[in-house]
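Number of protein chains: 4
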Amino acid sequence: MGSTWIGKRIRLSIFGQSHSAAIGMTLDGLPAGMTVDEGTLQRFLNRRAPGRNDWSTARREADAPEFLCGLKDGRTCGAPLTAIIRNKNVRPQDYVNLKTLPRPGHADYTAELRYHGFQDASGGGHFSGRLTAPLCIAGGVLLQELSRRGITVAARIVRIGTVCDGSAFDAPVSDKAFPVSDDTAAAQMQEAIRQAKEEGDSLGGVIECVITGFPGGVGDPFFDGIESRLSQMLFAIPAVKAVEFGAGFGAASLRGSENNDAFCIGADGQIATVTNHAGGILGGISNGMPIVFRLAVKPTPSIGKDQQSVDLETMKEETLRIQGRHDPCIVPRAVPVVEAAAAVVLYDLLTEGEA
Amino acid sequence: MGSTWIGKRIRLSIFGQSHSAAIGMTLDGLPAGMTVDEGTLQRFLNRRAPGRNDWSTARREADAPEFLCGLKDGRTCGAPLTAIIRNKNVRPQDYVNLKTLPRPGHADYTAELRYHGFQDASGGGHFSGRLTAPLCIAGGVLLQELSRRGITVAARIVRIGTVCDGSAFDAPVSDKAFPVSDDTAAAQMQEAIRQAKEEGDSLGGVIECVITGFPGGVGDPFFDGIESRLSQMLFAIPAVKAVEFGAGFGAASLRGSENNDAFCIGADGQIATVTNHAGGILGGISNGMPIVFRLAVKPTPSIGKDQQSVDLETMKEETLRIQGRHDPCIVPRAVPVVEAAAAVVLYDLLTEGEA
Amino acid sequence: MGSTWIGKRIRLSIFGQSHSAAIGMTLDGLPAGMTVDEGTLQRFLNRRAPGRNDWSTARREADAPEFLCGLKDGRTCGAPLTAIIRNKNVRPQDYVNLKTLPRPGHADYTAELRYHGFQDASGGGHFSGRLTAPLCIAGGVLLQELSRRGITVAARIVRIGTVCDGSAFDAPVSDKAFPVSDDTAAAQMQEAIRQAKEEGDSLGGVIECVITGFPGGVGDPFFDGIESRLSQMLFAIPAVKAVEFGAGFGAASLRGSENNDAFCIGADGQIATVTNHAGGILGGISNGMPIVFRLAVKPTPSIGKDQQSVDLETMKEETLRIQGRHDPCIVPRAVPVVEAAAAVVLYDLLTEGEA
Amino acid sequence: MGSTWIGKRIRLSIFGQSHSAAIGMTLDGLPAGMTVDEGTLQRFLNRRAPGRNDWSTARREADAPEFLCGLKDGRTCGAPLTAIIRNKNVRPQDYVNLKTLPRPGHADYTAELRYHGFQDASGGGHFSGRLTAPLCIAGGVLLQELSRRGITVAARIVRIGTVCDGSAFDAPVSDKAFPVSDDTAAAQMQEAIRQAKEEGDSLGGVIECVITGFPGGVGDPFFDGIESRLSQMLFAIPAVKAVEFGAGFGAASLRGSENNDAFCIGADGQIATVTNHAGGILGGISNGMPIVFRLAVKPTPSIGKDQQSVDLETMKEETLRIQGRHDPCIVPRAVPVVEAAAAVVLYDLLTEGEA
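Protein chains in written order, with my numbering: chain A, 18 to 372; chain B, 18 to 372; chain C, 18 to 372; chain D, 18 to 372.
Honestly, the hints are just simulated from the structure, not real lab data. Be aware that one or more of the hints could be misleading.
To be verified - Here are some chain B residues the structure puts well away from chain D; computed CB gaps all over 12 Å: (1) A81; (2) N104; (3) A202; (4) D328; (5) E330; (6) E335; (7) T336; (8) Q340.
Claimed, not checked - Between beta-carbon pairs, the in silico distance windows are: (9) B:E215 with D:A81: 44 to 54 Å; (10) C:H133 with A:R166: 10 to 20 Å; (11) C:S184 with D:K333: 31 to 41 Å; (12) C:R338 with A:G91: 54 to 64 Å; (13) B:E83 with D:A81: 16 to 26 Å; (14) B:Q212 with A:G286: 33 to 43 Å; (15) A:P189 with C:H133: 25 to 35 Å.
For every residue, glycine included, the Cβ atom is placed at its ideal position computed from N, Cα and C.
Turn these sequences into a full structure, and let the hints steer you where they fit.
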């Protein structure tokens, strides 16, 4: 039942397989009267949609959601909000051998262990990155509401393979085709992706996300701390293998006198901190500073090179060559997914105390 | 309600404040008939208990749990298991000024925002690292059961400040007073802690945890994936700011052809992987390889140096000097806490499908 | 978020409004490999579907679900199972005045209080009895599985208005157009409904449900007891106002020596009870005897007679005459809904301890 | 894990066995700053405490809770609130034969099925009615808060055995030793209990609970409707076998034109209903009228008469004679338990939308 998320005020169910009739999501618990601008939502979804550039899979899907219920005159009506996307550009023949010859780095083998052969292996089935589209519908709706409250959720790429962008995150990058702050780094990253693709290989990367305007005093200690709630959601994004908040792993090398964020009176006369190594969270609760986290996306496991696998029927080691259409680097398309995931959790925590 | 954890088969409630009458925990949902060896549990708790060496706080607490219910003749009886530890060595006078002058890096300020002055600020209240003792009771009980099933949960320190231990984790370190694999690195780490303490400062570090013997096919996609469930729990440990699985952040720099774990036939004739960059988890589900994760612990925020804070009543910046007894480095005592936290989640996932 | 049900192994989300594009459900957590016979399911759904006889609304809907995902070759694949039913026979013009002039006995007024005018009032919106169709899809799928395990869930009408059927429930009634054991009582009940309809009025009734073949030892004390879990679900069925187990309210008039079910050795050599006043449940846990409950369905609030209401805009008392197509008695169509609701809960409890 | 209740804002864990070292409860999620008057709480608990009159068990327990944490200067501090009651007046020798010879009407047999012989059978173990004391601590704390908000939760006995009280509930009865409105009926009820006791038998009854001052617009459709949430909690009270809201089972005999509550303008100029057959709830949501429910309590299963049981070891039918101290009628002591149970649920729903 891992596809149903239980928040404090909202519950999110995502459903579908890569090659099922449709994929979709239900968002339950939204207050009535929340505006959903479908145009804005579509533009957000387009940032994730496949088939639009060199570093994305050649599978093209319009990813235009149909809202089945929960909306009335462009506003939520208190009933669950359900939207679906029909799968169209499906080529299941590309995946016929995956069930007996699992792809390294994919969930083919663990799905076999878990579902005993009954899983829908085609295109990765329910484990497909395609399921991040429903997550983006949910997050896209909530980003609109957060935005109306002055809260900005903005992610960017800070690393692709070995190319880093060390520049400050001082301007939005969501309008860029390749969401990186520094254009020189961006060019190098794209070149690295192009080269990996040429070699039938793939690259991973690191995404940073910054949330501004989020009020202090939200969250709870321990199991419902913001880091706990956010990380649960972020690790639900396929290919994410690491999450850190504020100084993160870097904090381990700092001394307390360096890592502690001294309190000060900010420009607005309110309490702030001089630095933000805490990433805006202390004791699981927001302190009013920007919430900052980074996560690692592993390189796309589907590559064009020969790989060693084991045939599940013969139990013999075999060489696997993957067919199908795949992203040489999933990181750019993961950027809006990270924003969506963060929006779902933060909206939920924020509204815990609202009528 | 962040102090109640909702697993699939068990629910864990931890309670208490640093200076309340008692701290404790209730573990609900355990099957009847599980053996609880109190001696083994006490030895496990002693690894976390304060006041035993140079790098720990001078506050001494026996940390001997009293089981109030749930046990009969040394076995669980199906009813909730509740244990408490009375707080004894309490010096609340050390904390009188914390409520108006919040300590940088602590939850004093966010507690004020969240609880509007009604929080128990003494000793950090409910946010105190002392609350990891109840977590260790729960985890200690479950580690015994995992062990009976051939599952080992073993953590060690791999970094303190800038001192790293790059050696393999090929032997248990739980019997060592300072749980590091390489003794040379261990000596350097202890020296670094001693030096930081002398300077009134503190150090953080990185802990690695490896779980062996855990069967494949456990877990779920998305929100209930093992990484999601584990990270939620790990970030609940105070001072943890980063969590990574397998190759973690390092995966971002690898190519797909490097990061993918090729399948092979293992020594036992079963399917295994040649490498384990996935840390034993694919698509949220275990693949039978060791589950491996690392986490960063920030340096103890309580330091002896002067720090800048803001008086919440006068709204003026003030210099704070922290009294009280504190660990110059919490990392060694956090090692069993990490094992306990992992045990709670892994036991819960493992038994999802058991009568 | 009341439309998402959180079981122990499964989570059920129902969505849709009476006049939205579609209604539907997602069932998450089903094991892979469970057979779903769509023909059997459709026959089950037909028992609830409207427009088929004198005592049902004239609104005709085929109620043929489309499975969007979660199925592969007629079996569950481990991914969430989602099915939708398009709404077709919609006449929203019948409901234009409901938002300002709430119908007595309906949720129009409470929806207004809860959703502040943003609710979809048309046809009762999300509160419509039409939402029991998705519940029947979920329950219909699970009834098939329970049946394969030798567990029968059978409901019948035991009262319509003042007409009772006091006969034993010794033969299934699911094939009868009017699901009553005693045919004489059935005829009287139908006559009572016909007469109420003629007078522009409506009738309620009592449904009894008996589950046989359910093993003992399932359930938990207190909040997860079978009675607690079942009643939560049963009261979610619109119009249900009372639920009792075994002797129920009648137990209040018995002495302990009468109400206690003496233990005996049953025909099969196993432990049984001589009577079954407990309705198969003691301490929240099944004892192996049939699980028996009854529930009261209030008379359909939509009647043809003039009723007094208050105009929410003018705050003046007004006379309301309801248009639209309505059941003079919802009880017959509620019978399969009760079976479906019970199946969802009992399947979930039964499989708590299964891989 | 049925002893942990998951509300929307609060989570309640109750723990202990009839003869364990202690029983208790943890209430997590309370806002900081809520006043807890321990004197008022003790008076409330005394209404449930045993050993105080003829119709109660002879086991005397002071039932004075010790608060371990969560309170500071008489107010909640945001941390979990834990209280325990030490068990003192314990006579386990009375229960030695219960494990092999289960008592009819008790959970002895189902506990055996569920816990395979590891259960603590002494005094009913975790299934004991004694566990309603922790529930009363939780409810007693929340009743104080509801009272401060002008919400009254008042229960009374309306039936003992065959003696009914048909009078109106127009004055509180909580100060009466025997909580019945009509004193003549009360005397008859007590006489009936005395007589049953004399004959070594027991009686059940019906309790009615009325909540006034609860605002409209609280609750959710379907699974989180007020009836669903309340009934889940009420059936968690040992011995409760039936729950009805408003007209309840009686609604089944009414016509729609009789059962519908016409809307009107109330004395205060606000919308009200002329009657209250709905018991204050429509579509799962409160309508501002009093919330009214009744529940049936079965006769105490522990009686002095010989009963037939089956020896679980020899699998032979045997005659059982119960030793121990038992209530001939649990109904009077259940009255505050019902109020407590209702308070927990209603407080939780009420504060869903509060900071």
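Comparing the hints with the structure gives:
Every CB of chain D is more than 12 Å from the CB of A81 of chain B (nearest about 14 Å), matching its label as outside the interface. With a minimum CB-CB distance of about 9 Å to chain D, N104 of chain B fails to clear the 12 Å threshold, and the non-interface call is violated. In this structure A202 of chain B is separated from chain D by more than 12 Å, as the shortest Cβ-Cβ distance comes to about 38 Å. Every C-beta of chain D lies more than 12 Å from that of D328 of chain B, the closest at about 21 Å, which supports listing it as non-interface.
With a least beta-carbon separation of about 18 Å from chain D, E330 of chain B lies farther than 12 Å from that chain, consistent with its non-interface assignment. No beta-carbon of chain D comes within 12 Å of the beta-carbon of E335 of chain B; the shortest separation is about 24 Å. With a least CB separation of 28 Å from chain D, T336 of chain B remains clear of the 12 Å interface cut-off, as annotated. The non-interface label for Q340 of chain B is consistent with chain D: the shortest C-beta to C-beta separation is roughly 20 Å, beyond 12 Å.
For E215 of chain B paired with A81 of chain D, a C-beta distance near 50 Å keeps the hint of 44 to 54 Å intact. Checked against the hint of 10 to 20 Å, the pair H133 of chain C and R166 of chain A passes, with Cβ atoms roughly 18 Å apart. Between S184 of chain C and K333 of chain D the CB atoms are about 36 Å apart, so this pair conforms to the stated range of 31 to 41 Å. The hinted window of 54 to 64 Å between R338 of chain C and G91 of chain A is violated, with their beta carbons roughly 32 Å apart.
The hinted window of 16 to 26 Å between E83 of chain B and A81 of chain D holds, with their beta carbons roughly 19 Å apart. At about 40 Å, the beta-carbon gap between Q212 of chain B and G286 of chain A stays in the expected band of 33 to 43 Å. Our hint of 25 to 35 Å for P189 of chain A and H133 of chain C holds, since their Cβ atoms are close to 33 Å apart.
Checked against the numbered hints listed earlier, the structure breaks hints 2, 12; every other hint is satisfied.
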